[in-house]
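S.K.: One letter stands for each residue in the lines below.
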Amino acid sequence: MHFGPHLLLAALEGLVTSAVLALTALGLSLVFGVMRVVNVAHGEFFMLGAVLAWAISTAISGHPALGFLAALVIAPLIVGAIALVAERLVLRRLNYNPEATIVATIGMLYIIQQLALSFYGPEARPVEPPFSYRILLPWFGYSGYKLSIIAASALLLIATWLVLTRTRIGLIMRATQYDSETAQAFGIPVDRVYGGVFALGAMLAAIAAVLIVPISQAHYLMGQDPLLLSFIVVIIGGLGSLRGTVVAAVLIGLSDGIISMFFSPTLAKIIATLLVAMVLVFRPQGLFGTASR
Amino acid sequence: MADKNGFFDLSKTTLTRRTALKGLAAGAGLAVAPGFVRYSQAQSSAPIKIGFQSHRTGIGAAYGRWYEKTTAAAVKAINAAGGINGRQIEVIIEDDGTDPGRGAEVVGKFATQHKTDIVFGTLFSHVVIGSAPAAGENKMPYFVVSEGHHVASTKLNRYVFQPGITDVKSQIQSMAPWIAANAGKKVTQIFPDFAFGYDHRDYLPPALKAQGAEVIAQIAIPPTESSFTKYFPQIPPETEVIYHVMVGPAVLTFVKELGEFYGSNLPQLFGFMDSLEATDINSPGLEFLDGSHFWEGSPRYAQADDSAAQKAYRAAVGIDDNGAAVGDPKDVSTASHMFGCWETLYVVKKAMEDAGYKGPEDRAKLVEATEALTAFAEGPEHPQGPKTFNGKIHQCFGIQNISKVEGGKLKVVHKTKIEDGLYEPEGDYTTQAL
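Here the protein sequences line up with chains A and B, keeping their order. FYI, the numbering for the first sequence is 3 to 295, going by my numbering. FYI, the numbering for the second sequence is 16 to 449, going by my numbering.
These aren't lab readings, by the way, just hints derived from the structure by calculation. Be a bit skeptical, because a hint or two may be false.
If you want the ones that stay clear, here's a sample from chain B, every Cβ over 12 angstroms from chain A, calculated [said to hold, decoys possible]:
no. : residue
1   : A87
2   : H141
3   : A235
4   : A370
5   : A387
6   : H429
Here are the in silico distance ranges between beta carbons for each label pair [what the hints assert, rightly or not]:
no. : chain 1 : residue 1 : chain 2 : residue 2 : range
7   : A       : E101      : B       : L281      : 49 to 59 angstroms
8   : A       : L79       : B       : N297      : 27 to 37 angstroms
9   : A       : S120      : B       : I107      : 40 to 50 angstroms
10  : B       : E302      : A       : Y112      : 55 to 65 angstroms
11  : A       : N99       : B       : D336      : 55 to 65 angstroms
12  : A       : S120      : B       : P344      : 20 to 30 angstroms
13  : B       : P237      : A       : L79       : 32 to 42 angstroms
Beta carbons are placed, not taken as given, at the ideal position from N, Cα and C, and that holds for glycine.
Same shape as in the complex, but just chain B (with noise of 0.2 angstroms):
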């Protein structure tokens, strides 16, 4: 074998200090690097690997932050108790910056370069209908936190998944009986205008119809809207009902010029609590918000009769009776919705034991197991309450909290039932191919 240039003589290379350093280099950047595979007993003991799409930064970063450390909490509890199929879980995090964009390049690098499990995680209506394509291209089960109609709808794929947190149309049809009969039939629908509010515009109008009220005015405001006086003359004078839902760092301006814009002629209000996650209700401001309702996922506040699970799920999050931060009462939680971070682990735990999962070459059996399950009881794996589970369209199905502001607190005044909720499935995920 020719050698000219001496590359494999040993007595012409001289092993330089530079050319050592960077070999070491090179092999801690392989060892750091994602994907490398530091477990060499197989995957019998390797960790299982949640790739985490949070919203870090852009508006979703305050549901981001808490989502997170529900997720680490769960992830813990889990873990301490022995893992899934004996094996702990890794939870690798990347910022979707909420953005849909972002959220599918993120959705594809858990796919090729962190080669994960599955992937959890993200809220945003936007970023969830983002993201999907990305997860079902890479057969990548895709297990979202979101509460838009988008999954159940069946017009995303047969990856993706909402099994902890009940979407906007059931949560409105189950909710418009207590709205006609407590707070007004003559409703104004106030929305942000982009997919998670037109769930509210199209699915509130048939839902009050079939209680004998009606939504009398529409009004969409663009999510980055900052000021608000402007759509108020929109509103018509005989609304009984103002019905709100916003999302994003506006709302406190919302709800402030509302305020001044009406006085105490104000209509009754209802409104999603989306629009005041981790925002304090006692702001400077929000005093015309006194005596109005919200629909909460998960109460924000220690109700008297919260269950044991649900105390224990609280102190596991490390939240408050006031449902802020221990020992930082100004850091206030998202607490209607993360309680679906928590929930959802504990499905994929179940799904994954089911499916006997040992690796990404399971992830079809993981859908199939997913898909066959039919009900969460409610306990310390499900604190926000029992559920039902719709293989078909990918969907949980829950109960919602009426909660009235009160001395600065928010007290459940109703609870729905399951059945409330329920609707025809639109489509059969489990038509698709896998």
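Bound-form chain A, shown alone (with noise of 0.2 angstroms):
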């Protein structure tokens, strides 16, 4: 194959990778910025958003699109109800403190795992894309469904982005984020704030990986790769920064896939890290975030 396609390919590959990298890091980014709380549990809740999307598609016959736009909107809504379950349970219970809570999630992560496992089952589950087009270019065919994640997922963004900075509900959350005894001095419920934002970041992870599903079937181990990327990509762009997080996803997601198809994926993996240890020794606040008051 020609270097022109070949670049095109590595590009759309790596696209794909960013959109759901974008969604599932800003969840991780979200939490951490306004709770302060490093959420390891975060790829297991964008595994039960894709475990959950392959009971519901099943669960509802018909064309598939309806399964899947199903899955689409009740996924995402169960997996934030268990998320703010648990942080009512768990993490206010610790009074948020940051050692405590790293530890706490590392618990969820397993009984969310093992959970997993007993009721969902080791096997890898498909999921059937809401439709299956193939685009047909000169040089290789694509899937058309892989396009539009990226479509979805930019509008997800976006969305985001208008709630964080034009609703009543992203100024508090904003204020939270800026200083949190301030904002309970204003009256501003805290703790209730704390709770929502911990469901929205898992609902986003949920998404991401309701969106993925079709390509990537459902799988109890399927939440540590987007874990350990959506930090690269958290600590990249800087915590707490949604600009940084969609920059950094776009930068991670561009190389991984450029690299990994010229080079070879583990090279990729290497150069991503290597930024990371890069980005702490230079710019410890990411490239985006503000440094610490």
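Now that you have both chains on their own, put them together as the hints suggest.
M.R.: Right, here's the structure in full:
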């Protein structure tokens, strides 16, 4: 294959990775930004989204698009509810202590993973894409559904950005992020904001998972890679920065696609991790993060 | 004798309810503790304890579940027929997490805590390779159902056996003539980037070369990869056959993306069933497999010419004509491999009977008796087919099936002969000390 089409394919693959990664990492970034909680169980909420998508789409008969759309709405809601319960039962009781919450979310990771293994099983199960249109390029074919993931992710990111910057809820969230004690003094129910943000973060991961599951199956161990990549993205982009998260996700996704296609996937991972180290050394707050006060 | 504190003065000790409960609990704990000897009349009637190292969790979990089902069925059949040397078999299962480190721990646990007679089970090559030293150190016979070439390579140790399933080198060698004659001469290989994949990487090129065909590209894919389109440009355009061996949950994606990439211009596909074990071949996205060929250890779908033994085996394990669990068509088995558990247990039975096996002190005798075996006839104990056994390399040799995907089923189109898969031994375990 010639260089041009080869690069195009690499870029397309990279963009699909970026799109899913941006949504997942945004959830992680929000939770850390607002609550200062490092949510190690984030990848498991991603996995739950995919597993629920499978359950919902197989429960609904008829055109695959029906099941998929239902999954896209219902799965994130269920995951959000589970996250809310976890937040109320565990994180709040630890007073959001940074060290304690890391350990607690590691525990949640294992609990969710093993519950999925017990009730869903060890198999990878496929979900039918809502439509299967194959775009025929002169050099290769490409899945139309994959392109739609990029569009859907972009829309969701814009929507999240609008919520954060243009709505009252967003204002409350930003105020809590800026200074939770002052926010509380001004009558903001910080406690409820925390619950909501934790649920929202998990829902973003679940949405990303529902989008990706038609091309990569639901499996109970699928949460590990997104977790690692999300951390990489969030560290490079700057914790709590939406813009940084998106830019870093595109950067990591594209470089992963291109480097692993022209060289090797291992090299792509090495470079991503090296980038994290560089960012931590030279710009610890991340590319777009603000220095801690 | 001084008894200043009055420990032995019964009048001073009062048995409170709390101490009584503690004592009871401790006693109960002892009774259920692993290795507690409940059979006072020596070993004559105590069961033979088989430690089953199972992939209950981790990437091998689907295999683990079916290995357990097959093992349970075989043990039930053996016990119903009187057990081994008149003793019943008791299986103790430990999860190895499909992880080499855990695998070695589990073998150690069987040896020191459960005090099992042998260890049996496990599939994934890295777990077997990681666990083998622990089996050797504990002088614990370790019967694996792994299909990798590592046992036959004689790089492990004298306590490791693979008598129930053939190894990759032999499988490749016996199928290469068919691939070269029927699928194509220019082959691109896609394989997982770890031990099992390396067996394919190393043994396919010479096997094909001997048949006048060649491997023109080899693409290694990390076992955790979840997206494959990015590797496809590495497939040379002149490729006639894509030879794919994938393991792990991402295989559906692999096939689907291959279909999207090539459309109707797809080269011939030849795959190892390992790719699709426990996966319904009629899953969405797998339409592209129609007309392609697979290696199968034991056919997943019931075939027209199935032997009575094969039928009885399928009924005992509980799989229907489509290779799925009876009553749950979505629960697809790992038919290509799990028969190895059934057959291995019968080999263990035969070897223990030959050795007059009484207990762990006879483990060396069991090793020698296993090495002395030479052939297993096709029948209820060996439903997959006849096998020969080479005691020097601890490996069995048998027939392979090549199946074609037709109308959503796999139909066996070619069966190899035992001789097709024989090769020169690379070493001799029997020269190692016991």
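S.K.: Each hint: holds or not?
M.R.: Comparing the hints with the structure gives:
1. A87: Correct as stated: the minimum Cβ-Cβ distance to chain A is 17 angstroms, above 12 angstroms.
2. H141: holds (16 angstroms)
3. A235: Contrary to the label, A235 (chain B) does not stay out of reach of chain A, its closest Cβ about 9 angstroms off (not over 12 angstroms).
4. A370: holds (36 angstroms)
5. A387: holds (38 angstroms)
6. H429: holds (29 angstroms)
7. A:E101 to B:L281: 49 to 59 angstroms: holds (53 angstroms)
8. A:L79 to B:N297: 27 to 37 angstroms: Holds, since L79 (chain A) and N297 (chain B) (Cβ atoms, about 31 angstroms apart) stay within the stated range.
9. A:S120 to B:I107: 40 to 50 angstroms: Violated - the Cβ-Cβ distance for S120 (chain A) and I107 (chain B), about 21 angstroms, lies outside 40 to 50 angstroms.
10. B:E302 to A:Y112: 55 to 65 angstroms: This hint is violated: roughly 37 angstroms between Cβ atoms.
11. A:N99 to B:D336: 55 to 65 angstroms: Cβ of N99 (chain A) to Cβ of D336 (chain B): about 58 angstroms, so the range 55 to 65 angstroms holds.
12. A:S120 to B:P344: 20 to 30 angstroms: holds (22 angstroms)
13. B:P237 to A:L79: 32 to 42 angstroms: holds (34 angstroms)
The structure is inconsistent with the numbered hints 3, 9, 10, although it conforms to all the rest.
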